[in-house]
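Asker: Top to bottom, those sequences are chains A and B.
Last residue of the first sequence: 141 in this note's numbering, with the numbers rising by one and none dropped.
Last residue of the second sequence: 506 in this note's numbering, with the numbers rising by one and none dropped.
Calculated from the structure, these hints are not laboratory results.
Quick caveat: nothing in here was measured; it's all calculated off a predicted structure.
Here a beta-carbon is modelled for each residue, glycine too, at the ideal position from N, C-alpha and C.
One should not assume that every hint holds.
In the DSSO-like style, the derived pairs of lysine-lysine whose C-alpha atoms are separated by at most 30 Å in a straight line are [claimed, not checked]:
(1) A/Lys117 <-> B/Lys187
(2) A/Lys111 <-> B/Lys487
(3) A/Lys111 <-> B/Lys392
(4) A/Lys117 <-> B/Lys500
(5) A/Lys117 <-> B/Lys247
(6) B/Lys500 <-> B/Lys306
(7) A/Lys19 <-> B/Lys500
(8) B/Lys500 <-> B/Lys487
(9) B/Lys187 <-> A/Lys19
(10) B/Lys469 <-> A/Lys117
(11) B/Lys487 <-> A/Lys64
(12) B/Lys500 <-> B/Lys443
(13) A/Lys42 <-> A/Lys19
(14) A/Lys111 <-> B/Lys479
(15) B/Lys487 <-> A/Lys117
(16) B/Lys500 <-> B/Lys193
(17) B/Lys247 <-> A/Lys19
The calculated label-pair distances, taken between Cβ atoms and stated as ranges, are [what the hints assert, rightly or not]:
(18) B/Ser309 <-> A/Gly140: 46 to 56 Å
(19) B/Asn229 <-> A/Gly140: 18 to 28 Å
(20) B/Asp234 <-> A/Asp91: 26 to 36 Å
(21) B/Leu496 <-> A/Ser67: 53 to 63 Å
(22) A/Lys42 <-> B/Ser310: 57 to 67 Å
(23) B/Lys392 <-> A/Ala15: 47 to 57 Å
(24) B/Thr262 <-> A/Gly94: 23 to 33 Å
(25) A/Glu17 <-> B/Ala412: 47 to 57 Å
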Amino acid sequence: MEAEVIVMSTPYIARELKDEYCLIAQKCTSCGVIIYPMKHKICPSCGQIQEERKEFRLNPRGKVVSYTVQYVPGPGAKEFTPPMILVVADLEGGGRISGILTDCAPETVKIGMPVKLELRSLYTVGGLDVYSHKFVPLGE
Amino acid sequence: MYRVVIGKEMGTNVHARALGWHKNYKINVPLIPIASSSETQDDSAPRLAWGISIRRIPCRNPRPSKDVIDHDKEDERQQDSEQLLLPRKTPSRFYASPSIQCSLLTQLFYFQLSTDQGNFLGIVMPGIVGAGLHVPTWRIKTEDISKAWGGQSLPGEISVAGLDEDVFTLAVSAAKDALENSNIEPRDVGMVCINTTSQSKFPLAPRVAFALGLETEARVHDFGLSTRGTTQAMLASLDAVSAGSVRSALVIGVEVPIPKPGSSDELSWGAAAGAVVIGKTALVLAVKGCSSHSSAFVERWAIPGTPFQKETAFSRFGRDMGYVDHVCSSTSSLFNRLALKPEALKLAIFQESGSAERAAKTLGIAPDRILRTQSSRFFGDTGSAALLLGLIESADKVRAGDLLLLASYGIGGSDALCLVAEKPEEMGHALGKLRAFCERKIYVDYPSLLRHRKIIGYGS
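Taking the hints into account, I'd like the entire structure generated from these sequences.
Answerer: Structure, rendered in structure tokens:
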């Protein structure tokens, strides 16, 4: 029997906890672009080396800029069951981030639709959930 | 000799606690005769003494009489009490602020205090500052469940947690909503109390505190195993706030139930989370008094090695000896303590159950005073969250000054709280959100329900 590998306690996931749970992004000290999750030493927009990581708290509310619906099961975790809606959204207060849209039928997604980031279980490792934020329709 | 005379009908316990545990008034009063205009139902003196932290001095109730303000008799009684109660060499330790010393010297009477009056006197009554909730989008019609099992049921629907939702995510969403609605910064919250009877893979409170961005010194408490834990969490938070240990506290009740397929619970248990913020200022609902009743009665227990529960086969026995007995005991004790009459209540919020009306009838509460919630109609019996959702729904049914009863029930007993509405309209936003949750839904079928509850598929 294959031994089950539990990776939750590995430094990678533990380090990401604050960014993932509290929606802490990184703001480039040079050009001000918002990077999420914050793990960049070099700004992907202007190439400036980040001497210190400037934290920026994201506003969970935003609007859909673009989306796609994936009907084919992906090669990732088995929890990513189709149809999976992937969206890019502009957040109020700054930041354009991509993520999964959940609690929503694929035919109801529209560009400009108000959405909100909520903490959800992304997948499980060794039976333990790994949480991150997903978009949900705001419905207002 | 300093005397504190507190009318019993004015809620001795609450005032005594507020007086004794407030950080500015750590006082030790050498003698406490308790005057009361009503016959004392229980031995208030030791409890009051405990509240004001005089633990070494034995106390007893003096003769109860109708003439509370008769000073001659009061003096006689004091001498009487002095002989009875005080050892001669009891040190008179008394360190309070000068204003309080003056008030105590001139004999202090507490009548029904509003929060503002209480603030003026330096006695701050804690209460509920704001509320929030979260309900999953997914619903199943009870007819679909009955169809799967070949039976019949009344029409209705219950909420079901999504595939990516669990007690943790629901608790975080409800808590965020509560903090947003009550305009409280996460750094001001010093305590998080969570109650759930559903399964959790890890202690919830520390992770919720982390996800909300609270200070790492915040106190975290996980209650559980009984739906009554929500009111116990509230009482613990109220005590911590009135003691001055924390500025405000967060109480969360959350349920993602996994009832046994084919059981009657499957038709009624729904998933939801409710949260309230307990604080001292800008109260929405102030707490006037509380009472508890505990026993060893068990009508429902966990089946080892499964997420399911089993309940006694004698449903009437469970209803009468469980719900009705416990709720009536805690509530009537609260009525006695506050010298309240059932007619004085504007609204009674009972723990979700078919027996609520029976308990109300026994207590003498008119049926039109019982809160019939929309949440039970659209989300089902949400267990630990039900009372908190009920509180939110009371927002448009009470006005400032109205009295509310909050009576919980769970395995082990019942807690009853009497609340005074101060600014119930402040909960309007949460109420609007609750109504939006009633409208926003996606139905699932029975196989999907089993998948959502992780009985089949991944994670099972």
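Asker: Lying within 53 to 63 Å: is that true of the beta-carbon distance leucine 496 of chain B to serine 67 of chain A?
Answerer: The hint (53 to 63 Å, Cβ to Cβ) is violated, given that leucine 496 of chain B and serine 67 of chain A are roughly 35 Å apart.
Asker: Decide if the proposed pair is consistent with the structure: lysine 487 of chain B and lysine 64 of chain A, CA atoms, cutoff 30 Å inclusive.
Answerer: Judged against 30 Å, a Cα distance of about 21 Å means the pair holds.
Asker: Can you confirm whether the C-alpha distance between lysine 500 of chain B and lysine 487 of chain B stays at or below 30 Å?
Answerer: At roughly 20 Å apart (the allowed maximum being 30 Å), lysine 487 of chain B and lysine 500 of chain B satisfy the hint.
Asker: Would you check the hint for lysine 487 of chain B and lysine 117 of chain A, treating anything up to 30 Å between C-alpha atoms as holding?
Answerer: Given pair lysine 487 of chain B, lysine 117 of chain A holds - Cα atoms ~16 Å apart, limit 30 Å.
Asker: Could you grab the alpha-carbon distance between lysine 469 of chain B and lysine 117 of chain A and see if it respects the 30 Å cut-off?
Answerer: Holds. Lysine 469 of chain B to lysine 117 of chain A sits at ~29 Å (cutoff 30 Å).
Asker: Assuming the hint says 46 to 56 Å, is it satisfied by the Cβ distance from serine 309 of chain B to glycine 140 of chain A or not?
Answerer: violated, 33 Å
Asker: If I claimed the Cβ atoms of asparagine 229 of chain B and glycine 140 of chain A lie 18 to 28 Å apart, would that claim hold in this structure?
Answerer: Holds - the Cβ-Cβ distance for asparagine 229 of chain B and glycine 140 of chain A, about 23 Å, lies within 18 to 28 Å.
Asker: Can you confirm whether the C-alpha distance between lysine 117 of chain A and lysine 187 of chain B stays at or below 30 Å?
Answerer: Distance ~27 Å between lysine 117 of chain A and lysine 187 of chain B Cα, so the pair holds.
Asker: Hinted pair, alpha-carbon criterion (30 Å max): lysine 500 of chain B, lysine 306 of chain B. Please report holds or violated.
Answerer: holds, 12 Å
Asker: At the C-beta level, are lysine 392 of chain B and alanine 15 of chain A separated by a distance inside 47 to 57 Å?
Answerer: Holds - the Cβ-Cβ distance for lysine 392 of chain B and alanine 15 of chain A, about 50 Å, lies within 47 to 57 Å.
Asker: Taking only the CA atoms, is the gap from lysine 117 of chain A to lysine 247 of chain B under or equal to 30 Å?
Answerer: Holds, because 26 Å separates the two Cα atoms, which is no more than 30 Å.
Asker: Is the straight-line distance between the alpha-carbon of lysine 111 of chain A and that of lysine 392 of chain B 30 Å or less?
Answerer: Roughly 46 Å between the alpha carbons, so the hint for lysine 111 of chain A and lysine 392 of chain B is violated.
Violated hints, in rising order: 3, 9, 12, 18 and 21; the structure is consistent with all others.
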